[in-house]
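A.B. asks: Now for the letters of each chain:
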Amino acid sequence: MALGELERDVMDRLWTAGRPLTVREVHEELATHRKIAYTTVMTVLDRLAKKKVVRQEREGRAFRYSPAATQEQMIAGLMLDALGGVSGQDDRQAALVHFVGGVSAAEAAALREALDAVTAAEAAGDTTGPT
Amino acid sequence: MTAVWFAALALLLAGPVPAALARARWTWQVPRAALVLWQSVALAAVLATLGAGLASLTLLFTEQPGFPFLARHGLLQTTLNGLTSFLVAVVTVRFWAVALLVGVRTRRRRNRHREMVDLLHRRESTGEVDRAVLGESGVRVLAGPGRAAYCVPGVRGNRVVLSDGVLQELTAQEVRAVLAHERAHLRARHDLVLEGFTALHAAFPRLVSSRSALDTVRLLVEMLADDAARRRAGSLPLARALVQLASAPGGDGEMAVGADAATRVRRLAQRPAGECGAGDRALPRRGLAVTVYAVAAVVLLAPTAAIALPWLLTSWDFLTR
Ligand SMILES: [Zn+2]
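Residue numbers (our numbering), protein chains in the order written: chain A, 1 to 131; chain R, 1001 to 1321.
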């Protein structure tokens, strides 16, 4: 199985767990569906932490992992990064090539609002994972 | 005098020539040839600048050791030569430093973006269009708000990214046109061309031509991808997708279509579909393309031959004497 798919599966577990998980807990969850080594899970979690999509905190002798943000927040952030490239604020970088750039400023503003709304809802109640 | 010619050529290639090229409309007929011309003008400008600096330096130091140059040519010309050398050094170092920075930043942002897309894209299909799109290799769909259609180029793997908003608003045929357009960008490595002109603009943002050069090259690249897409999916779906995605969401009466999008749509309407065959219009266009390629070659090679060769020969003479 590709490493990317595995990272994706681990993220899904962390998102649905709603609380920080240890490597052992993630491994147990994944092992019910497939054969996978404990060290592989450790490597994947380490990679995710390096990418800063997962937070790592020490608890006694073990590490616990939780998502850095909800899936919706991350997707909104990704879209913002994508559309920010057209709006001109970031036009020094030709990183992404868009199909068409039309009302990018308005789009970006709407997205920022959506992102803010998700963040506000997050702060108001049901906080998943520690901050 | 070589240094002066080089400097004049560099100024010409950095100012009036790109300004005129940005205003030209015939380039829209032959975007590929026009892009080659743009690159050749930019490269020739860089070479001419380098040439001006080197020529001034050799003039200062090759006559005889020490500064007999000052005694022979006077204060004014010595100062001018020194100044040219210095200026060229500054310009050259600045350009390559900025180009390097742009390259590093672009790659870092792309890698990060691709990682995040792979981590966050939607895997479950919800409709028929969806199933077809999700099944294609390198295509990723993002759930959530917003409309986005773009590609992430890179040697470690390309991605074409579409958002749910785009899939909901476009028909299957229009989606096919968008995918064909983005694939054309990736196949032809249009990002490399864009990166070069982005670096040029980032290094000399106050040079008026660098802005219009970047904008024009961007538009030409889009037209090139449009041509590839219309061959695969037809002009009409492509134009519809362009209008749909470039117009403001919500719809408060008037359509706010970006200037570039409108230009591209109008161009799609002007040229008949299936123009790749030998129609009445194909022949003059081919002639235009050949002419533009020839001009591009001359722009790059003629200065080298006319100015650089005599100078190289003199330098060689001096070194081997
Ligand atoms: Zn494009």
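To be clear, the hints were calculated from the coordinates, so they are not data collected in a lab. Note that the structure is predicted; figures quoted are calculated from it, not measured. There could be a bad hint or two in this list.
[Said to hold, decoys possible] SDA-like cross-link-like pairs, simulated, lysine to any residue; straight-line CA separation at most 25 angstroms: (1) Lys51(A) to Arg1105(R); (2) Lys35(A) to Asp1118(R); (3) Lys51(A) to Asp1118(R); (4) Lys52(A) to Ala62(A); (5) Lys51(A) to Asn1111(R); (6) Lys51(A) to Ile36(A); (7) Lys51(A) to His1121(R); (8) Lys52(A) to Gly1103(R); (9) Lys52(A) to Ala1297(R); (10) Lys51(A) to Ala68(A); (11) Lys50(A) to Ala37(A); (12) Lys52(A) to Met1116(R); (13) Lys52(A) to Arg1109(R).
[Unchecked claim] Every beta carbon over 12 angstroms from chain A, so not counted as near; a handful from chain R, in silico: (14) Ala1008; (15) Ala1019; (16) Val1036; (17) Gln1039; (18) Leu1050; (19) Gln1077; (20) Trp1096; (21) His1121; (22) Thr1171; (23) Gln1173; (24) Ala1177; (25) Leu1179; (26) Arg1232.
[To be verified] Derived CB-CB ranges, DEER-like: (27) Ala49(A) to Val1155(R): 36 to 42 angstroms; (28) Thr1092(R) to Asp12(A): 47 to 53 angstroms; (29) His33(A) to Ser1125(R): 18 to 24 angstroms.
Idealized CB from N, CA, C, for every residue including glycine.
A.B. asks: Could you see if the CB distance from alanine 49(A) to valine 1155(R) stays within 36 to 42 angstroms?
C.D. replies: Violated: the Cβ-Cβ distance is about 26 angstroms, outside 36 to 42 angstroms.
A.B. asks: For a C-alpha distance cap of 25 angstroms, please report whether lysine 51(A) and alanine 68(A) respect it.
C.D. replies: Holds: lysine 51(A) and alanine 68(A) sit about 10 angstroms apart, inside 25 angstroms.
A.B. asks: Are the Cα atoms of lysine 35(A) and aspartate 1118(R) separated by 25 angstroms or less?
C.D. replies: Satisfied, since the Cα-Cα distance of roughly 23 angstroms is no more than 25 angstroms.
A.B. asks: Confirm or reject the statement that leucine 1179(R) sits farther than 12 angstroms, beta carbon to beta carbon, from all of chain A.
C.D. replies: Label violated. Min Cβ-Cβ 9 angstroms, cutoff 12 angstroms.
A.B. asks: Starting from lysine 52(A), check that the Cα of glycine 1103(R) is at most 25 angstroms away, please.
C.D. replies: Since the Cα atoms of lysine 52(A) and glycine 1103(R) sit roughly 23 angstroms apart, the hinted pair holds (cutoff 25 angstroms).
A.B. asks: Do the alpha carbons of lysine 51(A) and histidine 1121(R) lie within 25 angstroms of each other, as the hint requires?
C.D. replies: Holds, at about 17 angstroms.
A.B. asks: A range of 47 to 53 angstroms was offered for this pair. Does it hold for the Cβ distance of threonine 1092(R) and aspartate 12(A)?
C.D. replies: Since threonine 1092(R) and aspartate 12(A) have Cβ atoms about 51 angstroms apart, the given range 47 to 53 angstroms holds.
A.B. asks: According to the definition I'm using, a residue is off the interface if its beta carbon is farther than 12 angstroms from all beta carbons of the partner; does threonine 1171(R) meet that for chain A?
C.D. replies: Holds, since 15 angstroms exceeds 12 angstroms.
A.B. asks: Is the nearest CB of chain A more than 12 angstroms from the CB of leucine 1050(R)?
C.D. replies: Fine: 24 angstroms to the nearest Cβ keeps leucine 1050(R) off the interface.
A.B. asks: Is histidine 1121(R) truly not at the interface, in the sense that its beta carbon sits beyond 12 angstroms from all beta carbons of chain A?
C.D. replies: 9 angstroms, violated
A.B. asks: Next pair to validate is lysine 51(A) with arginine 1105(R); report whether the Cα-Cα distance is within 25 angstroms.
C.D. replies: 16 angstroms, holds
A.B. asks: Run the distance test for lysine 52(A) versus arginine 1109(R): straight-line Cα separation, threshold 25 angstroms.
C.D. replies: 14 angstroms, holds
The structure shown violates the earlier hints numbered 9, 21, 24, 25, 27.
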